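2 protein chains.
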Amino acid sequence: MYTLYDFLPSGNGYKIRLLLSQLDLPYRYVEKDILNGETQTEEFLKLNANGRIPLLQLENEECLAESNAILMYLAENTPFLPEDRLTKARVLQWLFFEQYSHEPNIAVVRFWTTHGGPTVAQKAQLDAKLAAGYSALSVMEKQLQKTDFLIGSSYTVADIALYAYTHVAHEGGFDLSEYPAVSSWLQRIKSQPKHTLITDEK
Amino acid sequence: MYTLYDFLPSGNGYKIRLLLSQLDLPYRYVEKDILNGETQTEEFLKLNANGRIPLLQLENEECLAESNAILMYLAENTPFLPEDRLTKARVLQWLFFEQYSHEPNIAVVRFWTTHGGPTVAQKAQLDAKLAAGYSALSVMEKQLQKTDFLIGSSYTVADIALYAYTHVAHEGGFDLSEYPAVSSWLQRIKSQPKHTLITDEK
Chain A
266 MYTLYDFLPS GNGYKIRLLL SQLDLPYRYV EKDILNGETQ TEEFLKLNAN
316 GRIPLLQLEN EECLAESNAI LMYLAENTPF LPEDRLTKAR VLQWLFFEQY
366 SHEPNIAVVR FWTTHGGPTV AQKAQLDAKL AAGYSALSVM EKQLQKTDFL
416 IGSSYTVADI ALYAYTHVAH EGGFDLSEYP AVSSWLQRIK SQPKHTLITD
466 EK
Chain B
266 MYTLYDFLPS GNGYKIRLLL SQLDLPYRYV EKDILNGETQ TEEFLKLNAN
316 GRIPLLQLEN EECLAESNAI LMYLAENTPF LPEDRLTKAR VLQWLFFEQY
366 SHEPNIAVVR FWTTHGGPTV AQKAQLDAKL AAGYSALSVM EKQLQKTDFL
416 IGSSYTVADI ALYAYTHVAH EGGFDLSEYP AVSSWLQRIK SQPKHTLITD
466 EK
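Residue numbers (the working numbering), protein chains in the order written: chain A, 266 to 467; chain B, 266 to 467.
Keep in mind that the hints were calculated from the coordinates and are not lab data. All values derive from a computational prediction rather than experimental measurement. Treat the hints loosely; a few may be bogus.
It does not matter which identical chain is meant; a pair holds if it fits inside one copy or across any two.
Once the Cα atoms are required to be at most 25 Å apart in a straight line, the calculated DSS-like pairs of lysine-lysine come out as [said to hold, decoys possible]:
| id | residue 1 | residue 2 |
| --- | --- | --- |
| 1 | Lys394 | Lys467 |
| 2 | Lys407 | Lys467 |
| 3 | Lys388 | Lys411 |
| 4 | Lys394 | Lys459 |
| 5 | Lys411 | Lys311 |
| 6 | Lys311 | Lys407 |
| 7 | Lys388 | Lys455 |
| 8 | Lys388 | Lys407 |
| 9 | Lys394 | Lys407 |
| 10 | Lys455 | Lys407 |
| 11 | Lys311 | Lys455 |
| 12 | Lys459 | Lys388 |
| 13 | Lys311 | Lys459 |
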């Protein structure tokens with residue numbers, strides 16, 4: 266059975282919990298409070314030298330880090346990841362877009378806002394992060410005006426990865442009212458079979 | 266034949282140029298000067314809504330963005346990407362690590378430094394970026410003390426992705442003298458067959 270080291274409010278962790286639920290895969294859940302340094306202990310750093318959750322431990326005890334690498338691992342040979350070479354690369358394009366252009370803006374502003382509000386140093390970066398976050402939403406909007414899901418007509422791990430922080434973007438103050446295709450897509454994702462919520466405890 | 270839209274000083278672009286060289290794949294090179302807004306034109310945004318290089322255009326005219334997604338696409342079914350499911354996920358773990366924990370620190374500080382030095386706003390972020398960059402180098406050092414290449418004994422696209430900005434980290438002021446395993450690995454990468462330099466014009 267898999268073990269998932271995770272932190273409940275984490276959107277990166279939620280990606281994995283959602284996919285595990287939709288794949289009907291049982292797992293052991295181990296909460297690591299990132300706010301109390303629980304991913305920086307000597308013991309945890311032996312499992313992931315980068316000191317981050319989510320971390321998936323396999324039956325053979327090997328560990329896999331990076332939420333989107335874990336998604337790709339779990340989705341292989343399932344309907345959540347098409348086999349065609351270009352389509353698979355297109356899924357990866359969205360996953361790298363998520364970690365570079367979306368998460369560092371939308372997730373980070375949400376984290377600042379929900380953990381006591383931005384500090385003075387963070388405030389200096391806030392306008393740039395809001396603008397970059399809205400740019401990322403515009404890239405998604407353009408695609409979702411053309412297709413129901415990010416890579417076409419089927420629900421894949423690209424949707425799971427982008428859904429994780431887009432559906433809680435309002436917690437960071439992002440207003441999605443000018444992104445109607447993104448808003449419809451959020452509802453479409455929520456209505457997928459075996460959908461779970463970010464707040465659902467294992 | 267592939268067309269690569271790229272900008273010569275870009276480490277993200279260099280990843281693709283290096284792999285294309287090592288795969289012996291011919292391509293047409295189109296320079297887009299990111300400093301002059303050439304990736305923000307209406308024409309370019311039709312090719313990549315996210316307005317970034319590198320961008321690979323396939324023979325069928327479809328375009329693929331995100332340097333590490335392009336690496337995975339080109340490397341499929343070649344010795345640069347192992348077929349084993351867990352090893353492939355491990356390559357992806359390094360690629361996502363690169364885009365989230367390495368590039369935004371090491372590449373960004375290099376860009377600031379080589380383009381007129383950090384501005385006042387950038388200076389406020391410099392210490393945090395230097396610290397995060399050194400953390401990323403430490404994660405690499407730990408792995409490279411154990412194995413010759415990032416995922417074991419063979420050279421893969423994980424090495425290409427991390428080499429791109431690590432080998433020019435000194436241009437951003439990073440001192441690699443306390444990272445001997447990283448330094449040896451840089452030499453090992455440089456001695457691979459058909460290696461090209463970031464400054465090599467097509």
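* Looking back at the hints listed earlier, which ones does the structure fail to meet? -> 1, 2, 3, 4, 7, 8, 11, 12 and 13
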